[in-house]
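Whenever a hint applies, use it, and build me the whole structure from the sequences.
Respectively, the protein sequence lines represent chains P and Z. Numbering of the first sequence is given in the UniProt record's numbering, commencing with residue 1 and proceeding in unit increments. Numbering of the second sequence is given in the UniProt record's numbering, commencing with residue 1 and proceeding in unit increments.
Keep in mind that the hints were calculated from the coordinates and are not lab data. One or more of the hints may lead you astray.
The calculated label-pair distances, taken between Cβ atoms and stated as ranges, are [stated by the list, open to error]:
{"no.": "1", "chain 1": "Z", "residue 1": "Gly300", "chain 2": "P", "residue 2": "Asp216", "range": "35 to 41 angstroms"}
{"no.": "2", "chain 1": "Z", "residue 1": "Gln204", "chain 2": "P", "residue 2": "Pro318", "range": "45 to 51 angstroms"}
{"no.": "3", "chain 1": "P", "residue 1": "Pro318", "chain 2": "Z", "residue 2": "Asp200", "range": "42 to 48 angstroms"}
{"no.": "4", "chain 1": "P", "residue 1": "Asp174", "chain 2": "Z", "residue 2": "Pro291", "range": "34 to 40 angstroms"}
{"no.": "5", "chain 1": "P", "residue 1": "Arg24", "chain 2": "Z", "residue 2": "Leu85", "range": "48 to 54 angstroms"}
{"no.": "6", "chain 1": "Z", "residue 1": "Ser29", "chain 2": "P", "residue 2": "Phe15", "range": "48 to 54 angstroms"}
Pairs of lysine-lysine, DSBU-like flavour, derived with a Cα cap of 35 angstroms [what the hints assert, rightly or not]:
{"no.": "7", "chain 1": "Z", "residue 1": "Lys120", "chain 2": "Z", "residue 2": "Lys199"}
{"no.": "8", "chain 1": "Z", "residue 1": "Lys139", "chain 2": "Z", "residue 2": "Lys87"}
{"no.": "9", "chain 1": "P", "residue 1": "Lys298", "chain 2": "Z", "residue 2": "Lys199"}
{"no.": "10", "chain 1": "Z", "residue 1": "Lys199", "chain 2": "Z", "residue 2": "Lys139"}
{"no.": "11", "chain 1": "P", "residue 1": "Lys298", "chain 2": "Z", "residue 2": "Lys139"}
{"no.": "12", "chain 1": "Z", "residue 1": "Lys87", "chain 2": "Z", "residue 2": "Lys120"}
Among the chain Z residues that face chain P by a calculated CB cut under 7 angstroms, a handful are [to be verified]:
{"no.": "13", "residue": "Glu43"}
{"no.": "14", "residue": "Ser44"}
{"no.": "15", "residue": "Asp187"}
{"no.": "16", "residue": "Val188"}
{"no.": "17", "residue": "Val218"}
{"no.": "18", "residue": "Arg221"}
{"no.": "19", "residue": "Leu255"}
{"no.": "20", "residue": "Ser258"}
{"no.": "21", "residue": "Pro260"}
{"no.": "22", "residue": "Leu262"}
{"no.": "23", "residue": "Val266"}
{"no.": "24", "residue": "Leu270"}
{"no.": "25", "residue": "Ala276"}
By construction, the Cβ of each residue, glycine as well, lies at the ideal position given by its N, Cα and C atoms.
Letter by letter, the chains look like this.
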Amino acid sequence: MTEDILIAEGLTKHFPVLGGFPFRRRVGAVQAVDGIDLTVRAGESFGLVGESGCGKSTTGRLLTRLLEPTAGRIHYRGRDITHATRKELAPVRSEIQMIFQDPYASLNPRQTVGRIVSGPMEINGIDPPGGRTARARELLETVGLNPEHYNRFPHEFSGGQRQRIGIARALALDPKVIVADEPVSALDVSIQAQVVNLLARLRRELGIAFVFIAHDLAVVRHFSQRVAVMYLGKIVEEGPRDDIYHRPRHPYTHALLSAVPDPDGDGGPVRERIRLAGDVPSPVQPPSGCRFRTRCWKARDVCAEVEPVLARADGSGPGHVSACHFPEPPTVERATEVILDPALDPSSPAGD
Amino acid sequence: MDDAFLSVRDLHVRFRTEDGTVHAVDGLSFDVPRGRTLGIVGESGSGKSATGLAVLGLHDPRTTTVTGSVRLGGQEITGAPEPVLEKLRGNTVAMVFQDSLTALSPYHTVGHQIAEPFRKHTGASRREARQRAVDMLGKVGIPHPALRVDDYPHQFSGGMRQRAMIAMALVCDPQLLIADEPTTALDVTVQAQILDLLKDLQQQTGTAIVLITHDLGVVARTADDVLVMYAGRAAERGTVRDVLRTPRHPYTWGLLGSMPRLWTPVDQPLTPVPGAPPSLLTPPPGCPFHPRCAHTERVGGDRCRTERPELPPGRGAACHLGEERTR
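Listed below in structure tokens is the structure:
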């Protein structure tokens, strides 16, 4: 049994909305994340998918304690870090690192690559054997960059290379968990695949757990063993990857999957096309009961009155939970059953 | 092809920059018949957007040189005087941009922005034009169009703004629509709505569409034909079915191999194209893809490094590999 390394319970973040005249006061709250539970196991990749505004990035920032949660608890290796002070947090910070979406905004243009990568070691007063410079060069090599480029500046690199620099920086402190917020969405397709493969190799070789946040369902499927689908600040479905992608029970997951354009044309198995009407409602005043009901084709009165809880629906596999009063029937197996690479399975000895 | 509404021959677009001349589009030729959709696929810097702007004559002549031929229904666009282009734009040919927030004016109501080109091109009265704007908003699926017509763009959501921009582009029933990454900024569920809308409208009006995108999935869902671009040149051309099922250019293989799928087994790592696209300031000689290509050995000699492969007319790939093209 692998260790549950990062646990969040009832995690909530409300951003105040100010308004009124002449004195601005709190008139409401954006319920960006509203009471979610999640568990990340050591060495696994946990995928968090959803559309813009669903709260996935806020969740990532809460987990790394870049944002202060409004309510709920975060435990890292058994320690409650929800309201830990800066000082208490310092050792944990070095074990939970983050990779950001924008490879242009997340690197200081005035610092050389070497300084950027060795920065975390400097701040934390870590002196690796052989010195920080040697370690930084080694890290650049690990992420597939030329260590000779140590003295160059970020503008001399392409988007994909910059993202590699950000990854090298995240690796500098030997983290146990990396929260990657849309790490490949700013990159071109051919470069995207290089970075996804790099992250997969790092996870396998260094045993780092990932919280992989992305809107692209296909990328998440490729990189994650367990996946949670978010909608308007709530997790609506969570489970092992193949259950989510092949046997989704929540109507929203179904709709999301059917909306992804498939480059193989009619080559893939025929999936019922579901078109959701309209847009995601405002998170300031989310719908009562089930938050998805305003766009759901199955909504009935009970959906407006009772909020569905995450639970295992009849016929779902172990660990597969969904929050819906009228879950979809378990779908038929697809023609090509997914074969798991033993090297990608964190529970197998090869994974460690 | 005689029935091609848009016909582009040997198009070159060169930008003058401080660092030198960027050859953004390098000898591109293609046709789009009425009622069909051509998907132009490529990564950033492949020249796909520069091609779209050239078709509308929108490049700034002070910094950009456009040569070659762009014919719209028989009329030459390149080098045409501005008054002629103004008559065509918004009337015969219209464009939908990626970023609807910057493409729409924040100072005017959505209705005004839809009605304006209609009044300009048809001489309709204000009342008629307003009615037309309401009709168009309804057509693109905006609920309560008569109420929303007086809203400003910021009052619309991203998906609704994109719909409004499509309404604006289609208000004069153009014969050609250029859509440059029309759904890239949108969520997948909204993207599906917009792509369906474009297809529906095309079936009603028979408009030819050039869909510029980086996403082969979008092309598979929406386009009839596809042109794969790399470093300003056409790498491969054919029907969507042919190109996606039996791709012939190593770059297309790379693109398809790079894309994670929802169905295929996940037991293998993705097969990305190594390296990065070349700088268009100093494009590589010969085939522009040869520095990243794994098949130059099979061609033999220095051919890929010295000789520029030509794209045959119709279905084909600009590659020296010849007949034994297999992955």
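Taking the hints in turn, this is what the structure says about them:
no.: 1; hint: Gly300/Z - Asp216/P: 35 to 41 angstroms; in the structure: 39 angstroms, holds
no.: 2; hint: Gln204/Z - Pro318/P: 45 to 51 angstroms; in the structure: 50 angstroms, holds
no.: 3; hint: Pro318/P - Asp200/Z: 42 to 48 angstroms; in the structure: 43 angstroms, holds
no.: 4; hint: Asp174/P - Pro291/Z: 34 to 40 angstroms; in the structure: 35 angstroms, holds
no.: 5; hint: Arg24/P - Leu85/Z: 48 to 54 angstroms; in the structure: 50 angstroms, holds
no.: 6; hint: Ser29/Z - Phe15/P: 48 to 54 angstroms; in the structure: 53 angstroms, holds
no.: 7; hint: Lys120/Z - Lys199/Z; in the structure: 27 angstroms, holds
no.: 8; hint: Lys139/Z - Lys87/Z; in the structure: 25 angstroms, holds
no.: 9; hint: Lys298/P - Lys199/Z; in the structure: 27 angstroms, holds
no.: 10; hint: Lys199/Z - Lys139/Z; in the structure: 13 angstroms, holds
no.: 11; hint: Lys298/P - Lys139/Z; in the structure: 26 angstroms, holds
no.: 12; hint: Lys87/Z - Lys120/Z; in the structure: 9 angstroms, holds
no.: 13; hint: Glu43; in the structure: 4 angstroms, holds
no.: 14; hint: Ser44; in the structure: 6 angstroms, holds
no.: 15; hint: Asp187; in the structure: 4 angstroms, holds
no.: 16; hint: Val188; in the structure: 4 angstroms, holds
no.: 17; hint: Val218; in the structure: 5 angstroms, holds
no.: 18; hint: Arg221; in the structure: 4 angstroms, holds
no.: 19; hint: Leu255; in the structure: 6 angstroms, holds
no.: 20; hint: Ser258; in the structure: 4 angstroms, holds
no.: 21; hint: Pro260; in the structure: 4 angstroms, holds
no.: 22; hint: Leu262; in the structure: 5 angstroms, holds
no.: 23; hint: Val266; in the structure: 6 angstroms, holds
no.: 24; hint: Leu270; in the structure: 4 angstroms, holds
no.: 25; hint: Ala276; in the structure: 5 angstroms, holds
Checked against the numbered hints given earlier, this structure breaks none of them.
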